[in-house]
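K.L.:
Residue numbers (the working numbering), protein chains in the order written: chain A, 1 to 53; chain B, 54 to 271; chain C, 272 to 516.
It is possible that some hints are incorrect.
List time: in silico SDA-like cross-link candidates among lysine to any residue, alpha-carbon distance up to 20 Å [said to hold, decoys possible]: (1) B/Lys206 <-> B/Asp131; (2) B/Lys206 <-> C/Thr426; (3) B/Lys206 <-> C/Ser419; (4) C/Lys285 <-> A/Leu5.
Please keep in mind that the hints were generated in silico from the structure rather than gathered at the bench. Quick caveat, the model's predicted, so the values are computed rather than measured.
Residue-level listing of the chains:
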Amino acid sequence: MMPDLGRYALEVLASYGVSLGLLAALVVLTLWRAARVRAELHEVEARQERRDG
Amino acid sequence: MIALFLRDLRLATRAGGGFGLGLAFFLIVAVLVPLGVGPEPALLAPIAPGILWVGALLSCLLSLDRVFALDLEDGSLDLLATAPIPLEGVVVAKAAAHWLATGLPLTLVAPVLGVLLNLPVAGYPWLVTSLALGTPALSMIGAFGAALTVGVKRGGLLLSLLVLPLYVPTLIFGAEAVSRGAAGQAVGAPLLLLAGVTAGSVALLPFAAAAAIRVNLR
Amino acid sequence: MSAMSVWEYANPTKFMQTSGRLLPWAATLAGLTLAIGLIWGFFFTPDDFRQGSTVKIIYLHVPSALMAINIWLMMLATSLIWLVRRHHVSALAAKAAAPVGLTMTLVALVTGALWGQPMWGTWWAWDPRLTSFLILGLFYLGYIALWSAVEDPDTAADLTAVLCLVGSVFALLSRYAVNFWSQGLHQGASLSLDKEENVADVFWFPLLVCITGFVALFVTLLLVRTRTEIRLRRLRALRARERMA
């Protein structure tokens, strides 16, 4: 299934590996931070709602 | 505006004003690089223009964070902002004082350091010319960076990160001018471009810097 | 639809509603086009006559390089909108876009360097295009650092907007300066990766899909990150209210 990359296998695979790795890291960090902020906001909003009645 | 300019100049040259610091740093760079790369004249001569320019640039950075920060701390920046002279004029006066206290001395001392770095004889006049044309840009761009970071505590490192990429055109054209001059080639193009960057910076950055100071004083 | 209706989305609540509806579609589009484009490009295209299998790197290098530049342009536009019209969503969108732009720049640099390795024999060469991207990366870093360093959000928004404006001018100047600088290379032969010329159809179609994928990925990430920034702003306001109560 893997194409024959010939002499440039290292460069091509490294390119794909690093690029996809960087993009995946960006996506994971983005989603993680989004979830964390959303959770904190819900918590603070709920607390204020209880207080304000 | 002249009064402000003279006051800043006096502050810079007083003890504790950091006047000699830039020059000393410039000297240290010129000594450290040969120690790092080896003493071969054939190796040093081609890179001398670059080393001198990078050294000048880094030395300029050292005194930049004082341009506005001290005035912010003691409240005089607020007074200056409301003074009759436009804030843009204040920025120009301070940048000019910085240049006179830092950029100009560097320009004058550079030939001596050129000797240490085996700069070819043909390069010396171009070294002085390019630095004379380029250091005002370094001061003006630096003042803009200082205006952006004036509110940041210990913002010296951030200032460097912001200002150094802005120095790239000046550095490239300045060092190119000296390299080509040292090799006997035509220097018109880089010098013209260098002068253009300086002229543009001095004409336009005061407005950006003044805007940044107003934002920081809110 | 009147021309002014676009500004309705500058309202944070409206933005949250609209972006919330758009998000699943953007994410799906991104996932699909990236998968299709990259799989097609990697597995189902031939090698290039001169470059061998390294031509497969274009499916990552070209889209990321395009994004690196266009994201900065987007930041420039939104910074101007913030300075003129004071829409907070605009300022927050610029803040949200920057790390994506920085990542794209990194990908462009790494893939560019690796692509050039067989040609140049070194892991890095000061090719004018790579050098310009390196400098762009520094501009991104400075912008992100300034956002982090300034405490007051509105002050940070103003200062970073001014930095983006001034930085854009100098980034453009640097591009020309770097071209000027690289003329000094003794090799003389063009080292730049001129791949836009004569890209054969067999490479062009998967490349187009990949470019679409990267754009969709950016839009998805931008929506998620801007929503996070808006929530963060609200969080800070609520916390400040708590402290004063």
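K.L.:
Against each hint, give a clear statement of whether it holds in the structure.
P.N.:
Against the structure, the hints:
no.: 1; hint: B/Lys206 <-> B/Asp131; in the structure: holds (18 Å)
no.: 2; hint: B/Lys206 <-> C/Thr426; in the structure: holds (15 Å)
no.: 3; hint: B/Lys206 <-> C/Ser419; in the structure: holds (12 Å)
no.: 4; hint: C/Lys285 <-> A/Leu5; in the structure: violated (50 Å)
Violation of the numbered hints given earlier is confined to hint 4; every other hint is satisfied by the structure.
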